[in-house]
Amino acid sequence: MPEFKTWNLEQFKEWIDLCLHCGACYARGPIVPHNWRELPPHEYAAPHKKCPPFEYFKFKNYSPQGRQILASLIFNDRYEIDEEVIRSFFSCTSCAMCNEICIPYRPMYTVLAMRQEIVEKGLEIPNPLKKITDNIQSSGNIFGSRKHPEIFKELSIPETGEDIFYSGCYATYLQPETALASVKILKSAGIDIAHLGDKEGCCGEMLKQSGNMELFKKTAVENVEKLKQAGAKRVIISCAHGYSTFKNDYTNPHVVGALPFEVIHITEMIASLLKNGRIRFSKNLNKTVTYHDPCFLGRQCGIYTQPREILAAIPGLTLNEMDRYGKWSYCCGAGGKVTMNAFPEMAKETGKERLLEARAVADTLVTSCPTCLAHFKKTAKTEGIDIEIVDVSMLVAKTMELVD
Amino acid sequence: MLDENLIKELKAIVGPKMVSTAPTVCESYAYSFSLSIDWVTRPEIVVMPTTTRHVSEIVKLANRYKVPVTPKGVAGMTGHGGPLHGGILLDFIHMDKILLIDDKNMKAVTEPGCSFFKLAQELFKKEMILPTAEYGPGPNVAASAITPVNGFGKTRYGRNIDLVEGFEVVLPTGEIVQIGSMAYAETDFGPFFRYITGPDLIGLFTQSNGAYGIVTKIAYRCLKRPPYWSFFTYYWPLEKIRKCAEVLQEATAMELFDVHINDKWKFEAFKYLTGVSLVPDDCYFCVIFSINGFSQQELEGKRKTVEALCSGLEGKELPGIAETFFDAWPTFFCPPTHPIAAQLADAGYKVIKGGYMYLYDSMNYPLSWFPEVYEKIMEIAQKHKIHGPPRLTVFDGFPMKSQVMCSQTWAFVNRKDPEWMQAIHKSTEELREWFGKRGGTYQQCFPPVLPDFTWTNQKSAHTLLKRFKQFLDPNNILSPGTF
Numbered sequence: 001m002p003e004f005k006t007w008n009l010e011q012f013k014e015w016i017d018l019c020l021h022c023g024a025c026y027a028r029g030p031i032v033p034h035n036w037r038e039l040p041p042h043e044y045a046a047p048h049k050k051c052p053p054f055e056y057f058k059f060k061n062y063s064p065q066g067r068q069i070l071a072s073l074i075f076n077d078r079y080e081i082d083e084e085v086i087r088s089f090f091s092c093t094s095c096a097m098c099n100e101i102c103i104p105y106r107p108m109y110t111v112l113a114m115r116q117e118i119v120e121k122g123l124e125i126p127n128p129l130k131k132i133t134d135n136i137q138s139s140g141n142i143f144g145s146r147k148h149p150e151i152f153k154e155l156s157i158p159e160t161g162e163d164i165f166y167s168g169c170y171a172t173y174l175q176p177e178t179a180l181a182s183v184k185i186l187k188s189a190g191i192d193i194a195h196l197g198d199k200e201g202c203c204g205e206m207l208k209q210s211g212n213m214e215l216f217k218k219t220a221v222e223n224v225e226k227l228k229q230a231g232a233k234r235v236i237i238s239c240a241h242g243y244s245t246f247k248n249d250y251t252n253p254h255v256v257g258a259l260p261f262e263v264i265h266i267t268e269m270i271a272s273l274l275k276n277g278r279i280r281f282s283k284n285l286n287k288t289v290t291y292h293d294p295c296f297l298g299r300q301c302g303i304y305t306q307p308r309e310i311l312a313a314i315p316g317l318t319l320n321e322m323d324r325y326g327k328w329s330y331c332c333g334a335g336g337k338v339t340m341n342a343f344p345e346m347a348k349e350t351g352k353e354r355l356l357e358a359r360a361v362a363d364t365l366v367t368s369c370p371t372c373l374a375h376f377k378k379t380a381k382t383e384g385i386d387i388e389i390v391d392v393s394m395l396v397a398k399t400m401e402l403v404d
Numbered sequence: 001m002l003d004e005n006l007i008k009e010l011k012a013i014v015g016p017k018m019v020s021t022a023p024t025v026c027e028s029y030a031y032s033f034s035l036s037i038d039w040v041t042r043p044e045i046v047v048m049p050t051t052t053r054h055v056s057e058i059v060k061l062a063n064r065y066k067v068p069v070t071p072k073g074v075a076g077m078t079g080h081g082g083p084l085h086g087g088i089l090l091d092f093i094h095m096d097k098i099l100l101i102d103d104k105n106m107k108a109v110t111e112p113g114c115s116f117f118k119l120a121q122e123l124f125k126k127e128m129i130l131p132t133a134e135y136g137p138g139p140n141v142a143a144s145a146i147t148p149v150n151g152f153g154k155t156r157y158g159r160n161i162d163l164v165e166g167f168e169v170v171l172p173t174g175e176i177v178q179i180g181s182m183a184y185a186e187t188d189f190g191p192f193f194r195y196i197t198g199p200d201l202i203g204l205f206t207q208s209n210g211a212y213g214i215v216t217k218i219a220y221r222c223l224k225r226p227p228y229w230s231f232f233t234y235y236w237p238l239e240k241i242r243k244c245a246e247v248l249q250e251a252t253a254m255e256l257f258d259v260h261i262n263d264k265w266k267f268e269a270f271k272y273l274t275g276v277s278l279v280p281d282d283c284y285f286c287v288i289f290s291i292n293g294f295s296q297q298e299l300e301g302k303r304k305t306v307e308a309l310c311s312g313l314e315g316k317e318l319p320g321i322a323e324t325f326f327d328a329w330p331t332f333f334c335p336p337t338h339p340i341a342a343q344l345a346d347a348g349y350k351v352i353k354g355g356y357m358y359l360y361d362s363m364n365y366p367l368s369w370f371p372e373v374y375e376k377i378m379e380i381a382q383k384h385k386i387h388g389p390p391r392l393t394v395f396d397g398f399p400m401k402s403q404v405m406c407s408q409t410w411a412f413v414n415r416k417d418p419e420w421m422q423a424i425h426k427s428t429e430e431l432r433e434w435f436g437k438r439g440g441t442y443q444q445c446f447p448p449v450l451p452d453f454t455w456t457n458q459k460s461a462h463t464l465l466k467r468f469k470q471f472l473d474p475n476n477i478l479s480p481g482t483f
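Residue numbers (this note's numbering), protein chains in the order written: chain A, 1 to 404; chain B, 1 to 483.
Heads up, some of the hints might be wrong.
What the simulated footprint calls covered on chain B by chain A, stretch by stretch (three residues with Cβ under 8 Å from a Cβ of chain A suffice, anywhere in the stretch; the number is not a length) [unchecked claim]: (1) 14 to 25; (2) 91 to 97; (3) 377 to 389.
Just a sample of chain A residues kept apart from chain B, beta carbon distances all over 12 Å, derived [as the list claims (entries may be wrong)]: (4) K226; (5) N248; (6) E321.
To be clear, the hints were calculated from the coordinates, so they are not data collected in a lab. Backbone N, C-alpha and C fix where the C-beta goes; we use that ideal spot for every residue, glycine too.
Construct the complete structure from the given sequences, taking the supplied hints into account.
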């Protein structure tokens with residue numbers, strides 16, 4: 001089977017006519033009802049609602065199937081890209097649920113290919129994404145902040161070393177407490193952790209999501225080089241997007257290829273430290289929590305068990321799963337930061353739906369992605385949904401009494 | 001040119017977010033779930049009603065503006081589920097509620113956009129089952145009942161339309177009527193029986209493409225789901241085709257859940273790619289049996305009866321095939337998600353460098369005619385060099401109650417490759433000619449493609465259908481071009 005995520009645009013153009021138009025990628029209901037004797041196991045029990053932009057905008061062109069049709073026509077020069085096409089492709093949340101459903105054709109990769117086509121044709125992408133692209137180019141971060149915050153000042157960690165913590169834009173500029181918590185956990189396990197400090201640049205995920213593959217490739221090469229120069233043997237990332245970008249996209253032979261260091265998500269690291277007895281959880285937290293699988297960590301990187309192992313080890317914590325969990329987890333609405341910026345109303349509605357789903361089973365929603373965290377917090381506030389929202393590293397740091 | 005006032009009024013009926021005239025939106029509705037035809041017609045307006053009242057108001061409005069209205073259909077991977085002449089396309093995907101599951105009287109009533117998967121899931125929880133194989137994730141319950149084509153996926157119980165017991169329909173005037181069991185829906189008895197006093201009206205709306213009315217509620221007859229199931233395969237060599245046919249006839253007359261036949265070419269894609277054969281050298285026809293029972297003894301009894309039938313007619317048992325295709329997770333009727341289907345797609349990539357299998361006929365005929373029809377299909381396929389690897393012309397047969405065989409033939413062909421498509425089209429035309437002269441009609445595309453055996457072979461019926469159309473829909477508003 002072709003491995004779409006390592007493909008380039010030209011290969012997509014050649015193979016695009018594959019969709020059968022069956023609609024499994026967005027139609028309501030499970031994709032498999034039963035096998036005569038029993039209901040499907042979780043692996044095949046796709047949820048009732050699947051595709052956030054389709055649920056919000058209602059029409060087929062906002063579904064994976066509709067986008068496949070449009071992409072096929074456009075790649076075959078049978079249809080012109082118009083404003084509605086651009087909306088159809090940029091409203092995709094990249095949640096990748098369609099990729100789980102449609103194993104042969106992986107529709108989400110078509111969306112990314114089409115965004116690249118839109119940029120290569122010199123067409124206008126949504127304004128907020130242009131702004132983010134400019135920010136990354138001018139300031140090295142998605143927010144356009146000129147000043148790099150000194151988030152680890154109190155810990156005075158080095159800028160070079162074999163183990164480098166990559167904090168990413170969200171944790172660095174919006175949620176320094178989560179980055180700090182991660183580093184404290186690592187240090188308490190005896191890891192000599194380093195951080196590039198103000199040399200750390202944006203991973204470039206938003207450039208890829210915005211279709212600007214040329215700039216993305218340049219950014220990826222620069223980042224890998226910086227980490228290599230700093231002596232990295234292991235890069236530990238707390239951001240689900242950064243992790244997926246390093247792990248899945250940098251390794252694409254059309255981008256960087258094989259990396260000279262290992263890439264580890266903070267939840268993988270914590271779960272492993274816990275297993276090896278290098279860290280211990282002590283404080284009882286007395287909470288009923290539910291875990292939101294970030295799309296970029298779960299479906300895109302296959303990390304489902306480690307965060308749950310961590311939560312299970314925290315004293316006093318009860319984990320209740322939502323209806324949609326694991327590989328069928330619903331998007332938080334942030335949509336790879338694309339939809340939260342370019343389609344904020346849709347992002348809000350999607351986030352609201354997910355928050356209500358969480359609140360039905362728990363009083364605290366735990367996640368392991370700073371984008372999900374920020375979007376959930378903002379949506380809960382604007383929609384008045386009463387639920388605590390917390391990053392898994394923060395919970396760990398609390399139970400280890402590393403933070404208050 | 002669309003009247004701006006029409007758009008305004010449509011938006012007033014269903015809400016502004018449920019109407020679109022954007023070319024890109026409409027373009028995405030121009031294509032169907034089809035392995036057989038590339039019929040592309042773009043609607044001018046896509047409207048998503050959420051209530052029967054919406055549908056009624058839309059139809060009244062369409063009459064005033066003389067704009068066609070077509071409900072989105074298509075079933076079983078064949079046919080076209082969109083408009084034939086532009087106008088308004090009604091997409092019912094947001095009108096998908098299950099309205100009733102009556103486990104005592106074994107009935108289910110849903111809105112038209114409910115998917116079979118959703119309905120099947122809920123029925124399962126109440127120990128019921130729809131004896132259909134026409135799941136396919138795309139088709140919704142009403143779409144499959146109104147699409148006038150045959151396609152993949154039937155059990156011995158027949159097509160989905162054989163399970164329909166009642167409709168709520170919006171007529172071309174906008175009037176809402178309840179027919180069949182739905183005529184009883186609001187009474188104390190509920191939708192219990194298909195037949196009302198007088199003629200059975202259900203048939204006027206099934207396979208109608210929505211030309212006589214738009215289905216807004218649909219009642220299905222369900223079966224109790226037995227807890228014991230068994231799936232097994234017997235095979236015959238090519239020269240024993242008549243013995244195999246005899247088994248099909250006998251087995252279809254028994255109380256089994258399903259009988260299905262494939263020739264060996266279905267499994268040859270694996271051999272072609274890997275060199276490993278899934279079937280023995282002397283295997284040519286595989287007959288797959290799905291049986292069930294309310295007790296282990298009943299199941300074993302049925303299995304023994306079928307095994308005696310098969311062995312008595314020189315069949316040999318073939319372990320592994322039925323168990324893999326029909327018993328494993330997930331069900332086979334979900335092409336893109338099934339691991340085996342994914343492998344088929346993989347074979348498609350590798351063998352034909354793109355595309356997927358192409359369905360080039362779909363026909364119904366007396367089960368007793370199976371040997372003659374099969375031999376003709378293969379004779380024509382050999383003549384046009386689509387028989388055997390790499391095109392792997394595959395026969396897929398669904399014997400049904402009433403001793404009717406519904407079969408499709410498909411091949412791995414890249415639709416972009418003019419040479420192979422020409423060979424396929426020549427085979428299709430030659431077979432249609434042979435088949436049509438015997439009284440058969442192709443049923444995988446609608447309206448029928450030329451030569452038009454569908455109407456020439458059913459002349460008086462066609463005349464009556466047209467007369468009904470004129471009477472019910474004088475403005476020719478609903479799905480024009482259907483009859």
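Comparing the hints with the structure gives:
no.	hint	result
1	14 to 25	holds (count 7)
2	91 to 97	holds (count 4)
3	377 to 389	violated (count 0)
4	K226	39 Å, holds
5	N248	21 Å, holds
6	E321	19 Å, holds
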